[in-house]
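Student: Chains A and B, in that order, give the protein sequences.
Heads up: the first sequence begins at 1 in my numbering, then just goes up one per residue.
Heads up: the second sequence begins at 1001 in my numbering, then just goes up one per residue.
Among these hints, one or two may not hold up.
Subject to a maximum C-alpha distance of 20 Å in a straight line, what follows is the list of computed SDA-like cross-link-like pairs (lysine to any residue) [what the hints assert, rightly or not]:
(1) LYS141/A x MET1074/B
(2) LYS67/A x PRO1399/B
(3) LYS1086/B x LEU95/A
(4) LYS1086/B x ALA75/A
(5) LYS1191/B x GLN81/A
(6) LYS67/A x GLN1196/B
(7) LYS1191/B x SER83/A
(8) LYS1202/B x ALA71/A
(9) LYS80/A x SER1091/B
Beta-carbon label-pair distances, calculated as ranges [to be verified]:
(10) PRO1419/B x ARG37/A: 37 to 43 Å
(11) LYS57/A x PRO1155/B: 41 to 47 Å
(12) GLN1266/B x GLU62/A: 52 to 58 Å
(13) LYS80/A x GLN1266/B: 45 to 51 Å
Don't read these hints as lab results, they were simulated from the structure.
A virtual CB, placed ideally from N, CA and C, is assigned to each residue, including glycine.
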Amino acid sequence: MLTKKNKEMSDNKENLEGIVSKLKEQGINAGEAEKQRIVDEAKKQAEALIAEAEAQKLTIIEEANTKAEQAEKNAQTALKQASRDMIEATKVAVLKYMESIFGNLSESLFTQDQYLEELTKAVVASINGNKTVEVPPATLKGMQAFIIKAGLKEEVSLQPLANSEAKIAVHSTENSGVQFVLSDSDVQQAMFTLLNKDLVERITKNQEA
Amino acid sequence: MIRKEINKISEVGKALISVEGNPGVALNHVVELLEADSNQSLSFAKAINITEDSTRFQVFNGTTGLSTNTKIRMHEIPLTAGFSNKMLGRSFDGAGEVADGGPDVIFEKEVSTRLDTLNPTVRNVPKQALWTGIPMIDVFNTLVKSQKIPIFAGPTEPYNRLLSQIAQGAQADVIIFAGIGLKFDEYHYFKEQLSQSGNIDKTIMFTHLAGDSQIKGLMLPDVALSVAREFGDQGKDVLVLLTDMTNWSNILRNVANYQDMIPSLQGYPGSLYSELAKRYEVAADIEGAGSITIIGATTLESLEDPVPDNTGYITEGQFFLENGKLKLARSLSRLKQGVNGKTRGDHRAIMTAMASLLADAEKAYEASEVGAANDAFSQKLLGYRTDFIENIEEPFGEPIELEPALDKCWAILKRHFEPTETGLSKKLIEEYWDKN
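Using the sequences and the accompanying hints, generate a full structural model.
Tutor: Written out as structure tokens, the structure reads:
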């Protein structure tokens, strides 16, 4: 009886052990499979993430490059415009300076009052009988040129430095009156001797580009 | 040069002065106003009305500080605007003077600001597209070189941002921006955007800020359009952006009222139509030269307001900005048929198909508002409508060229419909459906 019971117990134990080991095996296998699945999934996800990041990296680099290119282009444009405006400003400054010299001179020589009082009187007095005085625009210009010339007999030249070759010369001729002809390069040459050479190079290079 | 000076101003009003008789000026001639004692220049003025008894001048800088003692010096020349290629990238005021704090510009020539009518025989039939990089315009309402078209928008809509977007993407040689009654931040925004997009070196800005003298604002379109015409004569394709023409019309109304002109609808002068037309008619494709295209922002409370109403009769269609979107249903480019047949084969077809589907979608949307439209196709239409508003009616963003824009349209159709539901021909479906 006892032996039978013992045997049964021993069988149960074996069964139980069998079940436990079976469960263990199954559990481990399932766990292994789950582990594998998770690892695979994680790998897949990682690969996808890496691919996405790669793609994004390319897009970001491309975008950054485009932006950098645009910024460089904008900077070039700005520099080009700034140099153009600087030359323009120099020209304006020179012209204004000359106007301040010659403008005052011609104004004081040729006012409406003087014209009426002196010139008209003299001309009219020399003619007898009924008089009409008409001055065509060409003559007026000639008279103006003559008077300006009288006040400006010699050539005037401006030099940035006493020993620099570049200069701006102003002639007065009977036909053309006072003319200020200044090209971009004249002003550049004259003024740039006073400026930083590197900057000059950059600006001139930019202008040619 | 001897210049006649007089000293008999009879009346100083708001923006205008009057002189008894005619001191020897012609219409549109410029006079200079000088301080009586010091001969210091105060402002310039333009003769606008000459009768036997009196001559009236518009004072550019306003009449503050003027008195009946102020001297008037005759210049005996009509009002002109300076022109130079070196104006590109710079800002000017309504009288054509430098307004960006930079150095003066030495003008190559002076151009008349009279905006004389162009001889019709030198006008070409508009047939070249002007691409803007905005799909809603390029695909659905193509802008044509020499077209004149307004942007109708409520006062709070981002119409200036839209103009700036157009300026950034427009394939024109020269862009002339003419802003009347701008706020400073708007002016600054334009300048900033144009600098960033790299278009500043082909842009000239004429700006009149809200606080500047009214007369300068009134003259601004004339000066800007004269400069545009000169560029056009030199063979350039010029795009002129006018904003805001309602502000300009309001100045016109004020000045007309100062002159005691008989007011017409809402106080505007009876000449409002012809005054607007005179400016818009500068748009032209000139034979043997370039072209001038005008886009004018017109703010409105209602389409029946005199300014948009008159503008609508002058211009060739309109772009309608509503809730920040360019609305397909309310916009129209009347000249698009002349150009959109010469582009990619699917252009016209996709334009028609998408517009027709959108019309159906609007009906479905109305039905859905009252709980109807539950069938599958209506749901598709509703999805399409949302997508269309978000992606096609949205005018802002990076400029897109025509072909990518057409591809984008195909992609939207594919997202929502079966090929047979689009109404597009089998041939086009075969060619483009699976490409996108």
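Student: Indicate, hint by hint, whether the structure satisfies it.
Tutor: Verification of the hints:
Proximity of LYS141/A to MET1074/B is assessed by CA-CA distance (about 19 Å); at most 20 Å being required, the pair is judged to hold. At roughly 14 Å between alpha-carbon atoms, LYS67/A and PRO1399/B fall within 20 Å of each other, so this suggested pair holds. Note on LYS1086/B and LEU95/A: the hinted pairing holds, with a Cα-Cα distance of about 17 Å set against a maximum of 20 Å. Restraint check for LYS1086/B and ALA75/A: satisfied, since their Cα atoms lie roughly 18 Å apart, inside the 20 Å limit.
Between LYS1191/B and GLN81/A the CA atoms are separated by roughly 14 Å; this keeps the pair inside 20 Å, and the hint holds. At roughly 10 Å between alpha-carbon atoms, LYS67/A and GLN1196/B fall within 20 Å of each other, so this suggested pair holds. Between the alpha carbons of LYS1191/B and SER83/A the distance comes to roughly 19 Å, so the proposed pair stays at or under 20 Å and holds. For a cut-off of 20 Å, the pair hint linking LYS1202/B to ALA71/A stands: about 17 Å separates their Cα positions.
A hinted pair counts as satisfied when its Cα atoms are at most 20 Å apart, and LYS80/A with SER1091/B qualifies at roughly 16 Å. Look at PRO1419/B against ARG37/A: about 40 Å separates their beta carbons, and that is inside 37 to 43 Å. A beta carbon spacing of about 45 Å between LYS57/A and PRO1155/B agrees with the range 41 to 47 Å that was offered as a hint. The supplied range of 52 to 58 Å is met by GLN1266/B and GLU62/A, whose beta-carbon atoms lie about 53 Å from each other.
Restraint check, LYS80/A to GLN1266/B: a C-beta distance of roughly 48 Å satisfies the suggested window 45 to 51 Å.
In summary, the structure agrees with every hint in the numbered list given earlier.
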